[in-house]
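**Q** So the protein sequences, as listed, match chains C and R. Okay, so the first sequence: first residue is 152 according to the working numbering, each after it adds one. Okay, so the second sequence: first residue is 152 according to the working numbering, each after it adds one.
Hints may be right or wrong, so weigh each one.
Stated by the list, open to error - So the derived list for chain C, only partly shown, Cβ under 8 Å to chain R, looks like this: (1) S173; (2) A205; (3) A430.
Simulated from the structure, these hints should not be mistaken for lab results. By construction, the Cβ of each residue, glycine as well, lies at the ideal position given by its N, Cα and C atoms.
2 protein chains.
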Amino acid sequence: MIRNVTIRDIAREAGVSISTVSRALNGQVPVAPDKRQRVLDATRRLGYEPNAAAQGLVRGRTMTVGVLTQDIASPFYSEVSRGIDAGLAGSGYQPIFVNGHWEIQDEAAAITALTRRQVDAVIVLGGRLDARQLRDLHARVPLVVVGRQVPGLDDACLSVDNVQGAFLATTHLIQLGHRRIAHVAGIPSQRDAVDRLEGYRLALAEAGVPFDPALVFEGNFNEASGIQAVEHWLGRAAQFSAVFAANDQMAYGVGLGLYRRGMRVPEDVSLVGFDDLPASQFTLPPLTTVHHPAREMGELAARHLLARLNDPGAPAELPQLPITLSVRESVRFARSP
Amino acid sequence: MIRNVTIRDIAREAGVSISTVSRALNGQVPVAPDKRQRVLDATRRLGYEPNAAAQGLVRGRTMTVGVLTQDIASPFYSEVSRGIDAGLAGSGYQPIFVNGHWEIQDEAAAITALTRRQVDAVIVLGGRLDARQLRDLHARVPLVVVGRQVPGLDDACLSVDNVQGAFLATTHLIQLGHRRIAHVAGIPSQRDAVDRLEGYRLALAEAGVPFDPALVFEGNFNEASGIQAVEHWLGRAAQFSAVFAANDQMAYGVGLGLYRRGMRVPEDVSLVGFDDLPASQFTLPPLTTVHHPAREMGELAARHLLARLNDPGAPAELPQLPITLSVRESVRFARSP
DNA sequence: TTGTAAGCGTTATCAT
DNA sequence: ATGATAACGCTTACAA
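Please put together the full structure from these sequences, using the hints given.
**A** Written as structure tokens, this is what we have:
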């Protein structure tokens with residue numbers, strides 16, 4: 152631990168009492184100009200930095216926002232984190248990130264680490280904590296949950312309409328003449344995965360396109376399952392002219408799986424993803440994908456919390472962000488059969 | 152801020168003094184079994200969590216390691232962060248991440264935020280802080296700098312041999328018959344960028360291939376500059392059969408730039424990157440790239456710090472991690488001219 | 001305007 | 001084995 156210069160050292164150096172130092176530094180209460188100057192000089196000379204822990208202890212607020220992220224290296228959640236970072240910038244609050252690794256125990260431990268540190272607010276990114284745990288947390292500290300809709304915690308949840316997003320993607324394909332549209336679904340225990348599947352089915356139904364279970368492959372949200380999906384379908388000679396993947400990472404895998412079998416996107420198969428990761432602008436070809444406003448959600452979560460922190464009585468309105476389709480080059484008209 | 156249950160509440164509930172509570176909880180000093188049990192029960196019943204700030208204040212260590220990362224959403228640094236996370240797991244120490252955004256002021260502010268929080272050690276990931284600032288920091292707290300070699304701080308720096316990595320990549324291309332090898336360089340103010348350029352030139356020189364400045368494009372490490380590089384060369388009718396990019400993100404851009412001009416990798420142009428980002432396994436085609444052991448570096452940095460924290464007298468040996476080439480499908484024999 | 005002193009939640013020293 | 005009590009570094013009444 153850093154042996155820091157303390158307020159006592161400054162007091163001695165400036166020849167004033169410690170309370171004067173504190174007042175001069177915090178600048179609320181009037182202090183004689185000459186003393187103030189002596190304090191400021193001493194502060195600079197000695198390289199003083201206030202001890203945040205001590206301040207937090209006495210002030211009752213630590214000026215930190217705890218962020219429970221699942222995996223610091225996940226492209227999607229790092230976008231959200233970037234937004235949080237931006238949303239908190241200049242507010243005096245500092246984010247502190249901990250990882251839950253999508254493991255319920257790790258998540259609980261991470262939350263504990265946060266509450267032990269007396270964070271003033273918490274942002275939870277996805278994860279598997281159950282509704283009860285999240286509600287308990289919410290009772291203790293201002294909370295926003297990003298990317299999930301938790302029963303009984305509606306005013307604290309920030310997510311997009313996944314059903315709508317998937318509906319958009321699938322409808323886009325249908326309008327271009329595709330009828331045999333395969334879907335790589337996400338982990339069924341995750342709400343967004345089932346919502347996206349539902350949006351896909353809804354779009355099919357609305358257009359009168361029959362749903363074929365053989366065209367749905369259950370993946371796990373990473374690239375490898377995209378490859379597996381292609382292998383699975385091709386191994387059974389499934390017919391399809393387009394694929395809608397429940398996230399971009401699986402879409403990348405689908406692209407590679409197709410490439411391995413000598414099929415091209417979009418010439419042979421059209422491909423749509425979900426999330427609009429930054430990398431999707433630069434894939435071959437650039438990927439048409441549902442734009443998930445990850446960055447904006449992070450920023451909104453942060454600002455919302457700041458508002459509540461500054462005025463605990465503020466109304467807790469958390470707007471739902473619009474979801475759109477980023478049309479790029481991975482989709483083409485279906486060839487007539 | 153969370154109004155937590157305090158040790159006093161436990162003491163009252165268990166009918167013992169606060170010192171007994173502390174002792175029962177920390178378990179170093181003997182405590183009567185029945186009292187210990189009463190304390191443990193009260194702790195559970197009241198949902199007590201110790202206040203980390205108060206503990207840090209009195210103990211003199213906060214059990215936190217500060218990590219200055221540049222951009223929480225950068226693929227490369229998030230891999231390193233993931234390694235740090237893994238390296239610290241189970242040690243009782245907790246990483247706290249702050250962002251410097253590659254801005255010297257932001258970085259300095261972030262470091263200040265860390266020292267104010269009395270972190271026990273610091274890991275700096277890249278960045279632009281000058282050697283003096285880093286040495287000052289090193290004087291106050293155990294430090295590891297990842298991804299940079301700082302003059303006068305050699306035993307605290309952890310990086311790979313970038314010259315060697317670039318040499319490996321370029322030599323691989325030469326051995327496959329390529330003679331006209333273009334290079335997308337990184338930001339010249341960053342040491343790793345100039346090292347990679349040097350490795351490229353060294354390999355050329357050693358093989359007796361003339362260096363052509365027209366084949367070097369100065370990029371800025373992001374995808375867009377890869378596209379610009381291709382436009383630049385093609386606009387001047389430069390001849391090349393292979394491209395070596397100073398990082399994977401620029402290599403992705405090169406791939407897309409080529410695609411836009413109707414040229415294929417590796418059929419028309421061979422392509423090699425640097426970093427071996429997780430995504431590079433899934434690009435079209437999977438990218439041959441210099442494997443930068445990002446994850447391992449993070450883990451090593453963490454473990455090194457833990458060793459020093461547990462035994463301040465421990466020798467400060469920071470081994471250099473080997474750099475290798477991940478050969479995938481983006482490279483092919485040069486066609487005879 | 002300034003200083004003294006109490007107190008934030010915890011650990012550690014000192015008696016007992 | 002246990003309980004007062006003094007720190008840790010800071011802010012903030014309360015006095016002066």
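**Q** So, against the hints stated earlier in the document, which numbers end up violated here?
**A** 1
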